[in-house]
Amino acid sequence: MTLMGAYIALLHLLIGLSILVFAAASESPATAILSVPVVVFAYLLRRSNAGFGAPQWLLNTALVGFTLWTLATASWALDQTVMELARYITFIQLARLFEKPSSRKWAQEIGLSAMLVLGAALTSVVLSVGVLILIYSLLLLVTVLAHQICAGAWRDAARSSLPVMVNKVTPRLRRDFFRVLVTSFSIMGVCSIAAFVLTPRGLGADMFFGANLSKSVGSETKFSDAVTLGEEGLINESSVPVMRVKISEDFGDPPYLLRGTTLNVYDPLTSSWSRKMRSRDGERSANTDDFNDLWPDRDEGTAIAEIEVLKKGAQYFFSLSRVSDIATPNPQRFSLSSEDGTIRLRAGELDRNSEYAILSTLPQTALPSEQGSIHPSVHVPFLETGVLRIANEVLDTNGVGVGENIVLFRERAAEAFLAYLSEGFMYTLDRVSPMAGTDPLAYFLEQSREGHCEYFASALAAMCQSVGVEARMVTGYHVSERESEDSNVFIVRESHAHAWTEVKLANGIWREYDPSPADGVATQHQPAKGLVATYRRFMDNVQIAWSKYVVNFDEKKQSGTIGNSLMSSAGGYDEISSKINQFTNLSRVQGTKAVLRSLGLGLFMFVVTYAALTLARMFVRWTGRKWPRRNAIVLNARRTEIGRVYGALLAALAKAGVGKPAWSSPLLHAQTLAEIDPGIAHGTREIAALYYQTAFGGRDVSGDESARAGDELKRVRARLRELTRERALSK
Amino acid sequence: MKSRRRYHANVPGLVFPAATVFLGLGAFNSQNNLLFLFFGFALSSMVASGLISGTMLMRLRIERLSVTRARAGGELFIRYRISSSAKRAPAFALHIEERGEDGWKRLITQPAGFVPHVAPGDGELVTVRCGALARGMGELSRIEVTSRFPFGFMRKSVAIDSRSAIIVHPEVRELRDDALRTLASRERGEVVSQHERGTGGEFFALREYSQGDSPTRVAWRASARHRTLLVREETRMGSRAYDLVLVLSGEPADRELDERAISLGASIVSKALAGGVPISLSVPGFGVSLARESSRGQLTLALDALAGIDLEAGAVEHRPGPAEIDMNTGTGTVIAVHGSGNDPSAAPRDALHLVGEDLDRLAITRADA
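Protein sequences appear in the order of chains A and B.
At the far end of the first sequence sits residue 744, using my numbering, and the numbering has no gaps.
At the far end of the second sequence sits residue 1694, using my numbering, and the numbering has no gaps.
Hints are computed from structural coordinates only; laboratory data are not their basis.
Some hints could be false.
DSBU-like mimics (lysine-lysine), calculated; alpha carbons at most 30 angstroms apart, straight line [as the list claims (entries may be wrong)]:
| id | chain 1 | residue 1 | chain 2 | residue 2 |
| --- | --- | --- | --- | --- |
| 1 | A | K561 | A | K325 |
| 2 | B | K1481 | B | K1412 |
| 3 | A | K259 | A | K570 |
| 4 | A | K118 | A | K517 |
| 5 | B | K1412 | A | K181 |
| 6 | B | K1430 | B | K1481 |
| 7 | B | K1481 | A | K673 |
| 8 | A | K517 | A | K561 |
| 9 | A | K517 | A | K570 |
| 10 | A | K325 | A | K542 |
| 11 | B | K1412 | A | K668 |
| 12 | A | K673 | A | K113 |
| 13 | A | K542 | A | K570 |
| 14 | A | K542 | A | K259 |
| 15 | A | K181 | B | K1481 |
| 16 | A | K517 | A | K289 |
| 17 | A | K727 | B | K1430 |
| 18 | A | K118 | B | K1481 |
Please work from the sequences and hints to get the whole structure.
And the structure:
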């Protein structure tokens, strides 16, 4: 293979890979499916005909059309700007593949592919995209190195009018190229990692733009506290780990249920659950000095859950049962609900949530006795639905009625409903939408009798509420997968998101009920076995390392890696960080507009200064013509002016088809022009003679001579135009 | 050889750091760790670029081996040898150009060569082709080797002082076969036909065809008659010797005409020597005086001498009159070629006077070809 052939192949591969990376990041396979075949076709075409180029007018027309379309679509959806820009870049890349080749265009293609991958990095932070970016980086390095060699050969060939050199790729060249590649990659790898580790985190965040930009794909967990029944499609089956949980042995055997939030009000119109509490949540903060020695003197009947967050974005601290205390290594502010015990993080602190520990009180088993009827404040939205009818049927079938002990009634009712849901109902991940106008909950209970955990939990809570028993739906995670055998550390994945029910049996006593069929849940959360388990464990470790040390690399990890003393001892670090914080606060206090205003002022001053200098220069040149030459600046300007006049003359002659050959001297050429037109020959001779006297004879040009040369040029140009017209007419 | 190293900024070298700064600002603003990685990658590429490019050129050596002579309007070839004494660091994408004093720029186009790869401890020979623009002599003084490798951010150059002479001969056009014969006999009104083999244009003899004979010399009728290929041989040109005198004014206004005269003179010398006719050359006032010779070296001497005429400097010697020209008259013909005008007083009375424009009349045109 020749050098040029290898480079062309690398270039097309690079472009194809960059499009693939962005398609993976934006989760739009259509982009890859449409674009990659075009790249392959362009490569095959280029290989068969290296100088191929589609008509430029066609490519320009397509480009203009696509530009207008992009502007139109981008203006409607500003939050999709990155996506639209990436599509635009992809189109330009594909169009350029069919243009006539040149080294400059190839360099631009490489630049565009790098921009596309940068857009991919802004769009997604998932591991697969990271791996693709790493592969792209290596390929980019190879291509850029090859470009420098081949572009030079191309320029040399163009200058000497020779065909492009077709050096074969010799073993020696391959060996030396590989050596440079390894050296470059090593240097860049070490420096990149050093820069990544040492660059201060937390400084300058949002100094130009607020947190309005959409978050990257894969940067946040997909856990949602919204439950809407009746939507079609599968629930999340992603096996990406979101947490690592270490649970003390006091909690008993798995599975465990990690509570996120509770939803206690059902809206039949939207088929969705929401959270409405009677009292306001209390604000708290936590920051534990010694995170490694938590609650050494804790009471009996308590247990600790230590949670390491691998994917941020969830608004909650997940806990196992009633919360007694919370510990965090970083300062965190949150609200703790006295009604349902959920812990919600304050907005703006989600990114700082990396690990925490919860001290929980184990669930109480003994129940008090309580007299009374159904609590009047219980929200009963199911009076007109089949839920109430089915609930009453179940109670009647099981002989459950309100006796003297309302606590016992609640317990027996919940257990009856639980038993009802455990027979004849099937667990499935598919979501089937009922007919229009049909309540999905009633449809689940009466007709389909199959669904996933949200349906089961909703049904139990709804049935309880319909008969006056206070109940709520809880969303969180089902924890059952150990990290390794006999370990008390569990891996929680996206697909482990789960919903269950809590029923209020007595004041302050809520009991958990998980109505989803255990075998169905177990099947879904069943850990892999054999080689698949090994592979999954390996991928989990890679995923966790990616999340911990790349995506979520923060100040804490940075200080742990390089040491606090090293950071603060770096010269001027505190001062620099203080200045950056001041600038950042300028944006936060006065807004982005203040920052942009100051930047705009700086730019305006630069433009004004540059324009003033340019005008002054033009004025000096203009006055230099009228005044006798007094200084070298004016002299040089005139000499250069003669050179410009001569250059313009040569260009005009070439355009008219009577250009001066390189080997012919100017005056000889002027003589040959006499055969065409004496006027042109005379003007050419005058200007050429003057130019040579100044360029090689060292003679200075007077203002009059300079003006005369300009006039001669005008006359020659006019005469050439006439001649060209006459020739065109005679044809 | 003294060498100098320099760095030259270029557009990518300005754009890339600016883009890196923007990337850094974006990374700090968004706190996106992948952007921090990209930022680190961009910074590290500049570090790597400086290290690799500096190491690459440190042990590079270049020498100019030879410079061919050329004729105005033709091509000139310069041979270089570029070698690396480094033990491990190869060199890639090397551009070779000539720099230094500008005197040669009016003679030849900028020599520009490219070497894709020089292995450590190895060398490469490069031949660079450039166009010869104008007649004259000059000197190449400095070779510059540049490279943008590895990433094109910076152009690094190494300049080495090395002097070599350039000689661009005047344009030589092929005169018609009968041009000199016609010239020689024109003024005398007689045809002088020498009974010697030559290229005079008149029939001398027939002989059998031998390898290398031009097909235009085949005598077809005679060949058909004798049933074997026969070629025609011609007589020698009309004169036994020529004495060429170039009368140049040396004035700036007549420069072009002087150049034409030089070109015609060179063409006459070339034609004469091609026919084996001795010719002498003198250019009064410009220090050129070559004795009559017919050897192969005479052409090179004559063309070199003509190349060395510096019209811009003007005539440096007192121009002698016709009586002072030392001519070996006898059987020789004196041809005076004038630059501007036809000054009969500048040559012996019986000389044949030509002007530069006669070149077109005497030279083979495309139609003749």
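Verification of the supplied hints:
Of the supplied pair hints, the one linking K561/A and K325/A holds, its CA atoms being roughly 11 angstroms apart against a limit of 30 angstroms. For the given pair, K1481/B sits about 20 angstroms from K1412/B by alpha-carbon distance, which is consistent with the 30 angstroms threshold. Only pairs whose Cα atoms come within 30 angstroms are accepted, and K259/A paired with K570/A is accepted, the gap being roughly 20 angstroms. Our distance criterion of 30 angstroms between C-alpha atoms is broken by K118/A and K517/A, whose separation comes to about 71 angstroms.
Between K1412/B and K181/A, the direct Cα distance comes to roughly 24 angstroms. Compliance with the 30 angstroms bound is thereby established for this hinted pair. Annotation: proposed proximity of K1430/B to K1481/B holds, straight-line Cα distance about 23 angstroms (limit 30 angstroms). Distance restraint check for K1481/B and K673/A: the Cα-Cα separation of roughly 35 angstroms exceeds the 30 angstroms cut-off, and the hinted pair is therefore not satisfied. A distance of roughly 39 angstroms separates the Cα atoms of K517/A and K561/A; the hinted pair therefore is violated under the 30 angstroms criterion.
A distance of roughly 42 angstroms separates the Cα atoms of K517/A and K570/A; the hinted pair therefore is violated under the 30 angstroms criterion. Proximity of K325/A to K542/A is assessed by CA-CA distance (about 29 angstroms); at most 30 angstroms being required, the pair is judged to hold. With a C-alpha separation of about 53 angstroms, the suggested pair K1412/B and K668/A falls outside the 30 angstroms cut-off, and the hint is violated. Taking the CA atoms of K673/A and K113/A, the gap is about 28 angstroms. The hint holds against a cut of 30 angstroms.
Proposed proximity of K542/A and K570/A is contradicted: the alpha carbons are some 33 angstroms apart, above 30 angstroms. For a cut-off of 30 angstroms, the pair hint linking K542/A to K259/A stands: about 22 angstroms separates their Cα positions. Under the criterion of a C-alpha separation no larger than 30 angstroms, the hint pairing K181/A with K1481/B is consistent with the structure, at around 26 angstroms. Taken as a hint, the K517/A and K289/A pair is honoured in the structure, with Cα atoms around 16 angstroms apart against an allowance of 30 angstroms.
Taking the CA atoms of K727/A and K1430/B, the gap is near 29 angstroms; set against the 30 angstroms cutoff, the hint holds. Straight-line distance between C-alpha atoms of K118/A and K1481/B comes to about 23 angstroms, which keeps the hinted pair within the 30 angstroms bound.
Of the numbered hints stated above, those contradicted by the structure are hints 4, 7, 8, 9, 11 and 13, listed in ascending order.
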